[in-house]
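Visitor: Sequence:
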Amino acid sequence: MKFNIIDVNDRYKTGTNITFITIIINIFLSIIKIFFGISQNSTALLADGIHTISDVGSSIGIILSFIISKKPEDDKHQYGHEKAESIATLILAIFLAAVGIKIGFGAFRVIITNKTLVPGILTVWITLISIIVKEGQFRLCMYGGKKINSKALMADAWHHRSDVFSSIAALIGIIGSRLGFSFLDPLAGFIVSIIVIKVGIKLFIEGCNELMDCSLEKEKINKLINNIKSSKKIIHVKQVRTRKHGSKVFVDIKVCVDPNITVSDSQHIVKEVETIVINNLGNVKEVLVFVNPCNINYKHPL
Numbered sequence: 000m001k002f003n004i005i006d007v008n009d010r011y012k013t014g015t016n017i018t019f020i021t022i023i024i025n026i027f028l029s030i031i032k033i034f035f036g037i038s039q040n041s042t043a044l045l046a047d048g049i050h051t052i053s054d055v056g057s058s059i060g061i062i063l064s065f066i067i068s069k070k071p072e073d074d075k076h077q078y079g080h081e082k083a084e085s086i087a088t089l090i091l092a093i094f095l096a097a098v099g100i101k102i103g104f105g106a107f108r109v110i111i112t113n114k115t116l117v118p119g120i121l122t123v124w125i126t127l128i129s130i131i132v133k134e135g136q137f138r139l140c141m142y143g144g145k146k147i148n149s150k151a152l153m154a155d156a157w158h159h160r161s162d163v164f165s166s167i168a169a170l171i172g173i174i175g176s177r178l179g180f181s182f183l184d185p186l187a188g189f190i191v192s193i194i195v196i197k198v199g200i201k202l203f204i205e206g207c208n209e210l211m212d213c214s215l216e217k218e219k220i221n222k223l224i225n226n227i228k229s230s231k232k233i234i235h236v237k238q239v240r241t242r243k244h245g246s247k248v249f250v251d252i253k254v255c256v257d258p259n260i261t262v263s264d265s266q267h268i269v270k271e272v273e274t275i276v277i278n279n280l281g282n283v284k285e286v287l288v289f290v291n292p293c294n295i296n297y298k299h300p301l
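Using numbering that gives the first Met the number 0, count along the sequence shown one by one with no gaps and you end on 301.
Among the hints, a few may not be true.
As the list claims (entries may be wrong) - Pairs of lysine-lysine, PhoX-like flavour, derived with a Cα cap of 20 Å:
id, residue 1, residue 2
1, LYS145, LYS284
2, LYS270, LYS222
3, LYS228, LYS253
4, LYS12, LYS145
5, LYS253, LYS231
6, LYS146, LYS219
7, LYS253, LYS232
8, LYS232, LYS270
9, LYS75, LYS101
10, LYS145, LYS219
11, LYS217, LYS101
12, LYS217, LYS197
13, LYS284, LYS270
14, LYS201, LYS222
15, LYS12, LYS101
Stated by the list, open to error - FRET-style restraints, in silico, Cβ to Cβ:
id, residue 1, residue 2, range
16, LEU287, ILE100, 41 to 47 Å
17, SER214, SER263, 28 to 34 Å
18, CYS207, ILE110, 30 to 36 Å
19, ASP74, THR15, 24 to 30 Å
20, ALA97, ILE20, 22 to 28 Å
21, ASN40, LYS146, 38 to 44 Å
22, ILE110, LYS217, 43 to 49 Å
23, SER263, PHE19, 46 to 52 Å
No wet-lab data here; the hints were simulated from the structure.
Glycine included, every Cβ here is placed at the ideal spot set by N, Cα and C.
Model the full assembly from the supplied sequences, consistent with the hints where possible.
Guide: Structural data, given as structure tokens:
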């Protein structure tokens with residue numbers, strides 16, 4: 000049986016509204032960073048502003064994934080389009096890792112060329128504001144991603160968090176340059192690049208797993224099995240299979256029951272198991288329950 004715990008339209012509205020807010024903020028933030036980066040002689044702030052522009056492109060990709068995943072099943076996609084978000088997560092993960100590599104190479108280039116500029120004091124305040132704003136975007140996207148169970152939106156949140164790291168690196172570089180410690184800029188850049196690349200790899204693995212029909216975590220499956228076993232009508236839980244489908248999950252369950260019950264009774268058991276699954280896992284798209292006769296004495300399938 001098919002289910003839809005989170006309303007598709009509400010989910011789409013929440014995801015797109017949050018993403019539109021981040022796009023507008025990033026457009027203004029990038030303009031401010033680039034302007035003051037040029038006028039205040041700060042290459043770190045200028046590079047950070049260009050990095051912020053990239054967030055606009057990734058956020059547009061997130062919105063497109065919401066639009067596609069919202070579509071109902073059709074003849075070519077009979078299980079729905081929810082995996083569009085998994086694809087978006089994968090692309091964003093690659094993009095995030097690329098940003099990390101770029102930050103690392105930038106830091107290496109500064110060390111090799113040993114070119115340092117002394118930026119204006121105003122760049123410190125602009126960078127501090129950027130850190131606060133980007134951290135707010137991270138928390139907003141992460142909250143929305145968890146609320147609607149969107150890996151793509153959570154991946155976008157980590158992209159904003161990478162901006163926080165790069166802005167901190169820029170701030171260290173700016174302050175270091177003003178105090179005469181120019182080596183702090185590339186050192187911070189290397190640390191940031193490692194963190195960003197690590198997050199990108201983690202999201203890439205998660206995106207690949209979802210595209211390969213990865214099952215739910217063992218803890219969730221074991222808890223589900225124990226709750227199903229608590230039903231007095233079920234003698235044995237033979238098998239539980241799950242697979243992630245974007246923000247949704249498909250569940251197949253085989254249970255063993257008294258071989259003497261009626262077809263009507265078995266249907267009631269199916270309904271009961273479906274209810275247990277929904278109450279335990281939440282956003283389930285479809286549950287298939289197979290009812291098998293069982294040897295009551297030995298509690299093994301016939």
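Visitor: Now, for every hint given, state plainly whether the structure supports it.
Guide: Results for each hint:
{"no.": "1", "hint": "LYS145 with LYS284", "in the structure": "17 Å, holds"}
{"no.": "2", "hint": "LYS270 with LYS222", "in the structure": "19 Å, holds"}
{"no.": "3", "hint": "LYS228 with LYS253", "in the structure": "12 Å, holds"}
{"no.": "4", "hint": "LYS12 with LYS145", "in the structure": "15 Å, holds"}
{"no.": "5", "hint": "LYS253 with LYS231", "in the structure": "16 Å, holds"}
{"no.": "6", "hint": "LYS146 with LYS219", "in the structure": "18 Å, holds"}
{"no.": "7", "hint": "LYS253 with LYS232", "in the structure": "14 Å, holds"}
{"no.": "8", "hint": "LYS232 with LYS270", "in the structure": "12 Å, holds"}
{"no.": "9", "hint": "LYS75 with LYS101", "in the structure": "39 Å, violated"}
{"no.": "10", "hint": "LYS145 with LYS219", "in the structure": "17 Å, holds"}
{"no.": "11", "hint": "LYS217 with LYS101", "in the structure": "37 Å, violated"}
{"no.": "12", "hint": "LYS217 with LYS197", "in the structure": "24 Å, violated"}
{"no.": "13", "hint": "LYS284 with LYS270", "in the structure": "15 Å, holds"}
{"no.": "14", "hint": "LYS201 with LYS222", "in the structure": "26 Å, violated"}
{"no.": "15", "hint": "LYS12 with LYS101", "in the structure": "34 Å, violated"}
{"no.": "16", "hint": "LEU287 with ILE100: 41 to 47 Å", "in the structure": "44 Å, holds"}
{"no.": "17", "hint": "SER214 with SER263: 28 to 34 Å", "in the structure": "32 Å, holds"}
{"no.": "18", "hint": "CYS207 with ILE110: 30 to 36 Å", "in the structure": "34 Å, holds"}
{"no.": "19", "hint": "ASP74 with THR15: 24 to 30 Å", "in the structure": "27 Å, holds"}
{"no.": "20", "hint": "ALA97 with ILE20: 22 to 28 Å", "in the structure": "25 Å, holds"}
{"no.": "21", "hint": "ASN40 with LYS146: 38 to 44 Å", "in the structure": "43 Å, holds"}
{"no.": "22", "hint": "ILE110 with LYS217: 43 to 49 Å", "in the structure": "45 Å, holds"}
{"no.": "23", "hint": "SER263 with PHE19: 46 to 52 Å", "in the structure": "51 Å, holds"}
In summary, the structure is inconsistent with hints 9, 11, 12, 14, 15 from the numbered list given earlier, while agreeing with the others.
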